[in-house]
Every structure is written in C-alpha cells, then in structure tokens.
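Undergrad: These are the residues of each chain, in order.
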Amino acid sequence: MLEISGLCAGYGKLPVLRDVSFSVSAGEIVLIAGENGAGKTTLLQTIGGLIRPTAGNIRFEGKDVAGTIPEKLVPAGLRLVLDGHRVFPELSVFDNIRLGAVASNTPKATFDGAVEQIFSVFPILKEKSRDKARSLSGGQQQMLALAQAFVSQPKVLLCDEPSLGLAIALMPPIMEFLRTWAKTGTAIVIVEQHVDLALTVADRALLMERGSIVFNGTADEFRTGGDKNA
Amino acid sequence: MWQEYAIILVRGIGLGSVYALMAMSFNIVKVSSGILNFAQGNMLVLGGMIAYAATAYFGALSPVIWFLVMIASALIIGVVVTIQGYLTLLPLSHSEDQQSWLITTMAVSIIIGAVLLLAQGPNALMVRSIFPNIPLFGMRVPAPFLLAIGLAIFWYFALQLFMSKTLVGLAISALWQDPVAARAAGLKVRRLQLLAFGISGLVVGSTGFVAAPIITLASDSAVAYVLNGFVAVVIGGVASNTGALIAGPLVGVVAMLATFKIGGEFQGLFSMLMLVAILLIRPQGIFGDTAARRV
Amino acid sequence: MTTRTSTSAAYTAEPNPTFKLRHLLDRSSVVQLAIGIAAMVVATIVPHIFGISYWIGIVNLAIIYIVASVFMSLLLVDAGQVSFGHGAVFGAAAYAVGIACGMHGLPFPVGVLCGIVAALFIGILFALPALRVQWFYLGFVTLSAAMVFPQMLFAFNEYTKGISGISIPLAWMSEDLPIGISTLSLLVLILGIAALITSAVFPKTTLGRRMRVAAASPEAAQSLGISPGKMRFLAFIIASFGTGLAGVLYPPTVGFVSPNAFHLDMSILFFFAVIVGGKGQPLGTMAGITLLYLVPNVFLAQLVEYRALVYGIVAFVVMLLMPSGVVGGIVRWINLRQKPQTMPALQFSQIVDNVKPVERVKDENAIELVDVRKTFGSVVAINNVTLNVRRGEIHGLVGANGSGKTSLLNVLNGFTRIDGGTARINGKEITGLNARQVAKLGVGRTFQTPRIFEQLGAWDNVQIGLDAKLSDNPTLVSPAFVGNLRDMLSRLRTESIPHGQRRLLEVIRVILTDADILLLDEPAAGLSPDERIAFAALLRDLRDKLGLTIVFVEHDLDLVARVADRVTVLESGSVVASGDVASVWNDPKVKPLFVTVRHA
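Sequence order for the protein chains is D, C and V.
According to the numbering used here, the first sequence is numbered sequentially starting from 1.
According to the numbering used here, the second sequence is numbered sequentially starting from 231.
According to the numbering used here, the third sequence is numbered sequentially starting from 526.
The following block holds chain D by itself, in its conformation from the complex (with noise of 0.2 Å):
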C-alpha cells in the first residue's frame, strides 16, 4: 500500500530524514518510535504532503507520490493526523466532521454511515456535535479530529502522537478505535510515545534516531528489543 525507500528532508539545509525506508500494507498498523527530535513528525509529514522532500520516493498503491501536495492525497486516499488533537475551533463538531468530507469528495451514503459508526464509537462526539469544538477537552477533541479523518475514508492514515497532552487513561478507547479502523483494510502508521499503549495494537514497530531508522522488525521483536536496549 505504501512503500517509502531513500526519503530524505529537511528544514532549509538542515537534514532531519537520513534515507528512510519501510513500507505498510492493508490493514497494517505501523508504530514509528524513537524521541523528541528523532525526525518522526517530518516524517509524517513528509509522507503526507506537508513537507516536500529532498531525495527519496513515496509509493503509494505504486504510483510515486512524493511532492505531492495534501489537497491531492486527501482525494486518493492518504491522509495525516497532525499531533496535538488540532481541530478548528470555532466550528461545531460536526462542522468540523463535515469538513472532513469535503476534500475526499465522499458519498452522501458514505459519509452518514461513517458518522453513524464514529457516533456509536464516540458517542460523546453525538452528544456535543452542535457544540463548539473548543469546547471539547483535549481526549474528545483528538476523536474529534480522527473522526474527521474517518469519514474521508482514507487507505493510509498517519496518525502524529495522538495521546500528545492527554491522560493515558484516555488511550485505550482511540487505540481500540485503530485497530478497528484497521480491520477494514486501512494501513495506519502511527507515531507515539507511548510505545507501550501503540504496541498493543500495532502489528510492527519501527524506531527512529538522529532521522534514521534504527530498528524495523514486529511489534513482538521491538518488545523484547526495546527490553534488551533498557
């Protein structure tokens, strides 16, 4: 499904990514590890469109989609989560789960049942849809802003730290939420702290350094790994 080999990029003459290579299939969820600093946000970035890259390919469903802008893969199925549950603020809820929808063009159909599902999984987000959105505590608002990436129905979905600022104890159920996403043929990739809490869900698990990948194996590799390197 995604396929990136030799991307490299940086901010001015700066190099963040060093020639990262991994690739996701279907259904796939992926956690990226590895610190602050370590080069996990660029490359998330970089991957979804924001940040053009300097050397490398992105292959998605096979076609190289490196460069390419977000307003193109948001359409052809490849969508980012930004880290620290952004939403707009000054819309409603649902306001801001529309607007999800708009740049994946999806079906009227599509989109109510997406909603349904997200609804009966968040049903807070029901509750509060005419609300504000910065109304919402930071947890309701980072389901605020995967719902909004649901209802595109996107193929890959990168996922930037989605517990960044949020009590642990608010995990599970947006965890539980990914692999279920998951299940349905999407591949997620997913940068998070919390190795821990992603390992649950994650199928394979890689650890960046210094813009590097350092390790890319299972997620039951990385465990016992990642207890070897303590």
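Hints in this document: simulated from the structure, not taken from any laboratory.
Note that the structure is predicted; figures quoted are calculated from it, not measured.
Here a beta-carbon is modelled for each residue, glycine too, at the ideal position from N, C-alpha and C.
Some hints here could point you the wrong way.
To be verified - Partner residues aside, some chain C positions facing chain D, computed with beta carbon under 8 Å:
no., residue
1, Leu397
2, Ala401
3, Ser403
4, Gln407
5, Asp408
6, Val410
7, Ala411
8, Arg413
9, Ala414
10, Ala415
11, Gly416
12, Arg512
Once you've looked at the hints, dock chains C and V against the given chain D.
TA: This is chains C and V only, laid out in the frame that chain D set:
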C-alpha cells in the same frame, strides 16, 4: 431639534452600513488568509466610479438597468479583487517572510489611487441617485442611505448562510483557525482563499455602486473607508459579521455627530479615539471571543 | 538568601581583551556602510560643485527621509513595532520649527529644541497603545493618527496658519560655507552618516540586542530579565528623537511647511522604504528611499502626476520578486552562492577548564514547592505538586509529553502564576513575582524549541546571556572558552547553526547570566550519543565545579540515570514518584509509564 438628531441617526446608520459592509468584506479575507486587504477602500471607490460611468454612459438609469449594472459592478470588482488576491498570495507561498501583504495591498491601493488621480483629477465625482428621496419621520431621506442599510442586511444574511451552511463557506472559515490542519485535511487552501477575495470583491463592488451618491469618490478618499471599516471590525470583534453589522452603524452615527456638532475635520479624530478606546477597554471587541486563539 | 555573593572566586581577567571589528560588525554590514557613506558624500558634494540648487534640495530631502526611515526601521525591525504614523512624528517636528522660527521669529536652535520635544510628544502618544496592543492593531492606531495629524493642523489654524502654511526665513542655512557646501547640507550629511552608522551598530549594542529579543520572544526576554514593555517604550522614544532630528531639518530644506506635506503618504513612504529596501540591512533604507522617492522624482521630474503611480508599482513589483527587499535579496543571493558554513563541535569540557571550584552552602533547598496547583479552564495542568530540589543537585523531570513537565518549569521561572500552594526559590516566595523578578533571583531557563533568534547574529545570541549577567563579578566559566566561542560564532550566520547546537548555545547563554538555578527543557534532544555523553559530563561539571542547581526535563532516561541525583516522575500534572534514580526506576507505579524507548 429632535428632527436634527433623527437626520443624524438615519444618515449615520446609512453611512455606517457602508462601514459595516467594508468590515464584512475585511472579515472574509481575514478568516481565510489572515490578510487585511488595504486596497479594499479603493475597490469601494472603483465600484462607485462604475456607477458614475454608467450614469455618464446611459444617462439616468431605469431601476432595472440600475440593478443589472449593480450586479455587473459587483462581478467586475469581484474579479479585480480576485486577481489582486492572487498576486498578494503569490510571494507568501515561497518566502518565510509572511508580511509582504502589508506592502502589496497598500501598494495596490496607491496604484489605484494614482490611476484615479490621472484619470479624473483631484476633485471628487458626484453621482446623483436615480431614486427619489423617501419620506421618513416627517423628513425626506435620500434613498441611497436606506439602500445601503438594505444592502448591509442582505450581505449579512447571505454571508452568514454561506459561511455556516455550505461546505465551501465552512472550509473558508476554517482555513485560518489552523492553516496546517486545513492543509492536512486536504482543503484546497489557495483556491478557497482566492474565492474569499472574490466574495469580498462582490461585497465592496456592490456597496460602492449602491452607495456611490453618499460616499466621496476621489483618488484619496479610500483610506477613510478602510479606517472606519477597520474600526467597525475591531469594535465588532474580528471575524464576527454580527459584530460588524452593529459596529458599522455605531461608527457611522458617531462620525455624523462629530461632523454636525463639531466639524468635519474632527471626524477622523473621533474614529481614532473610538479605536483606541475599544482596544484599551475590550481588545477582542464586542462580539469577539477571548478564546478565539490559534493553537 | 543568596550564595552568589560568595562566588566572586573564579576569574579576574575579563574575557576577550582584544577588540576586533569583526566582533562588532559582519563583513556585509561594513561593506554596506562604506557604500552608503560614500554615496551620501558624493551625492551631497557633486550638486554643490555644479551649483544646481534643485539637486541640492532633492538630495538633502532624500537624506532627511533616509534618516527618518532609519529610525522607522529601528522601531519596526529592532523593536518589532508596526507604526504607520511615523510621518506624524516627522511632521510634528517640522511644524514646531515652522511655528517657532517662521511665525514667532525664534532662532533655529530654539526651533530644533521645540521640534524634538514635539516629536517626542507624538512618540510617547504612540507608545502608550503599544504597551497594550500590537501588530496591525497598533498599525491602524498609528495610521489613523497620521491621517488625523494634517486635519488637526487645519482645525487649529489660528496656531498653524492652516491651509496657507508657514514660510521659513532660514535662507542663511543654504548659503555655502568656505568648505564648499552649505550649513544645511553639512548638517544633513552629518545626520545622514550618523543615522547610517546607527542602523548598522545599534543591533550590536546591549540595548539593540535586548530590543530584538523582546520583539522576537517576549517570554525569552522576560526569562533574561528584560521587560518587553520597557523595550517598546524606549524604542518609540529613540525613534521619535531621531525622526525629530530629521524633521527639524525639513523646514530649512523646503523653506515652507503646510499640512498637505505631512499626509499619510509620508508615513507610508517611510514604512515602505524600510521593507522595500530590505529589513535590517544597513543600506536598506537608503535603497528604499532611492527607489521610492529619488527615482520617481528625478526621472519623472516633468511628469509629476505619474510619481505616485510609479512609486506604487515599484513597491509592488519589488515585494513580488524580492520579499526580503532589494538589499535583503542581494545579500541572500550572495550568501547562497557561498558554500554553506559548518559549525565546529562545541567542546564543553572547556567551559569549566581551570575554573576554581565555587563553594556554596549545601543542605538547603534551592526550590521548594508545596501543594502547587495550576488549572487552565477545566484542564488541571499541575495537580498539587510538592517537590524539593536541594542546592547543588541535578534533578530530572520525566514523564510523557503533556504530563506537566514544561508547565512545572513555567511555574518555577514565573511565567505562570499558581492558583494554589506555595513556591519558594532561593528561599523567596515567588507566588506574586513575574518572570523577570524570578530571573533576578538567579533562575535561568532554556526552552523546548531553542530560543536562538535569526534576528540576532550568532554570537549575539550568546552575548545576550552576558548582557543579563546578574552580578558584576567576572564570569564563572572559563574566559578562554568564551573567547573561542566568540571567535567561532562571529564568523557564522545564525541560520547555519544546527538544531542540536542551538540548544547547547542556549544552555551556555543561561550559564553566562550567572544564574545559580538552571531550568533546562529537553536540553539533549537532537544530540548524538557521543554528544550526550559530553553533555552529561558538562552537567556534572556545572554541579561540581560551579555549584549550580539544575532541573531538567528529559526523555532520554539513560541520560537522566547517568547524571540526575534525584528524579521526579509526572503524569497528568501529578507527581507519581520522586526520589533517587534507582528507587524511582523500580517503583511499580512508574514502570508501566516507561516502556518507552531506551537508547541502544
């Protein structure tokens, strides 16, 4: 005595409706791109010039022609502002310096002012209203004051409907709340911003045309409309059209009062004092939200 | 309360005894300054040789406008204040001269005095709203003032002669001196050269650096003990003083003042000159005035009515093609052609080389927090945190992103006022203090995104630490290190400092302030394993040799284990565990929170 105040009130609200329309026009560009289009004042004047040109060309307009030319005026200015918006946004996409719009929009304003000066000299143009004065509270009010009020109400509802009910309008209002999130969501940011410029052009184009008999159509009159429009934006609260609809007439009435009671040269001073007062007392404006910060 | 007074130990020699021009001005500034001064001198002398009075007048006026724009630039670029009303300051000075000399027949020096007072008065009027509002709100307030200014000249016509204007009987100033140019031209030239030098040197003065820091990041400024409000106010005072000097030379140059000369257009011209010429470039305002004023006036001398059009088009086209202005664009182009600069690695071990260890009182608490609580709306950022940090201790704060670590640092350096509990630093209650006052207690901090400013030179970014030095004692760290660092950074452009090194420069900056408590927010992010080892050694040196107390937020648990004396673990704003490293690591409450990645 009370009649004098009634005149001030009606004319103030009428002129203030022009400020309200300027403010709404500012708002739509502001929410989509964070830009405050200084050239908008001269776009208003251009709209008025179209009314002047139409009268010069067709003679006295029949109401039907008047209406059609108004639509045409809105469309022409809409296209002009869209082109201006395109040029304004151009350097913003490849430079880390995000303030070039301050210069480019002012420069466009200066260019239009200079062209107007070349074309018709320093004197203001007069446009006669085709509609008769309308009797109100025992006095006769020139129709354009009331038409301006009507236009402000029309655009207010049209914009509210568009911005809150249509997906495109929603998308426009979302853009500057979080530009990166808007891009990540796949919104066609540049195109939506251009549309916002275009709509702002429709608003000022129609306003300039309708209000032509009651605004000053000169090469250097634009800045006063920009300023009073901005005062209305600040008093009403940035991005709030409801605020603009109320604050515009307020500014207009105060300006009229200053003109009638103290003298026309103090009008600008009063606008400034209102601006300073609101910024010191309630910087977010009447309808602005303290929480309306970007993440 | 403080142990700082007893720390005068370290050094007697000031760092860097040798002065080098390179330390003050970079090559580009020196070249620009030379070109600018030469051009001004030539432009002033040549018309006098040929005796063309039209040209003499045009050049004088252009230089006067350059001076006004230089001070506009100080306001806009150095202090970050958007003012569209600079023409009113200029006009007030000119009109004061007009009224004093033209209407009341007072001598010119008295007029100058009146002019400067008038300019300062308007400047202070502008400064007051600037304390409250910023950016284009301030721009609009000043813009409306610029619009109102000529209207007021009309309105009070009994004092200003209104529309008819005032002619100025100062013809003696335009008569040639024995040296071949007139008194007026000489004054204008001297002022012009002084202004150019000011524009190049001011950013390199302590005040200039402070203004730039305050404009770039008010919170970083406060953490260095700088008051952003005071900086803004000073900027307006200095700018109006300089603009006033330019304004008082306007009446003798033109021979006449009238309200129409001081329209909004003049304010816009000064603003445009700064941006179109190139923000922050010494030659920028000169290029701007040349392009926007001189060129239209000279080449369109016969076509007066096209001047505004050309002026608008030039400004528009320049901004489309060169968003960083004419001179800025050229400098960028030259920089791009040079090979990228690389920064040599910093040798931390040198920081404390040959330093005589500082003795500080042990066994007291440098930081004491009791039941500290902070909520933002419904979000509890800090939930009843009780925490002590002993003097001379390295204390690690760990926890996931968003667990309240940075919020806690913000409390410790006075950025956020707490809602409940007590916080004492160096024995002093800080609940009612702001960040500047806390900084003066000896607290220095770094930020998660390093506050290294591209508006400042590479060395200036470190120098602002020395500027903020809390005592007059010689610096605690090795002067040789400071000297080497200065030499190295003076050659570098700020943009070419790699991210990881920026954090370290920020740490060095804070050490140079003499703070005895350092709050470091993720100081090691972006460092390589080797650099981490060196950094860990640095932290230990700072503790052992300089006796500093260090609180640091860090994700690299190995680094924390390597250097921290004690650790506090936070989750959702609460302390989960606190104590020495071994006991915290084995705490059953902590384990599940930290299956995060360890370094190989």
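Undergrad: It remains to establish, for every hint, whether it holds in the given structure.
TA: Evaluation of the provided hints:
The interface hint given for Leu397 (chain C) holds, since its Cβ lies 5 Å from the closest Cβ of chain D, which is under the 8 Å cut-off. The criterion of a C-beta within 8 Å of any C-beta in chain D is met by Ala401 (chain C), whose closest approach is roughly 6 Å, and the hint holds. Because the beta carbon of Ser403 (chain C) sits about 7 Å from the nearest beta carbon in chain D, less than 8 Å, this interface hint is met. The interface hint given for Gln407 (chain C) holds, since its Cβ lies 5 Å from the closest Cβ of chain D, which is under the 8 Å cut-off.
For Asp408 (chain C), the interface hint holds, since its Cβ comes within 8 Å of a Cβ in chain D; the closest pair sits about 5 Å apart. Hint on Val410 (chain C) holds. Least Cβ distance to chain D is approximately 6 Å, under the 8 Å limit. The interface hint given for Ala411 (chain C) is met, as the beta carbon of that residue sits about 4 Å from the closest beta carbon of chain D, less than 8 Å. Taking 8 Å as the C-beta contact cut-off toward chain D, the hint placing Arg413 (chain C) at the interface holds, the least distance being around 5 Å.
This hint holds: Ala414 (chain C) has a C-beta 5 Å from the nearest C-beta of chain D, less than the 8 Å allowed. With 8 Å as the threshold, the beta carbon of Ala415 (chain C) comes within range of chain D, its nearest partner Cβ sitting at about 6 Å, so the hint holds. About 3 Å separates the beta-carbon of Gly416 (chain C) from the nearest beta-carbon of chain D, less than 8 Å, and the hint is met. Hint status for Arg512 (chain C): violated, given a least beta-carbon distance of 19 Å to chain D, over 8 Å.
Going down the numbered hints, you'll see the structure goes against just number 12.
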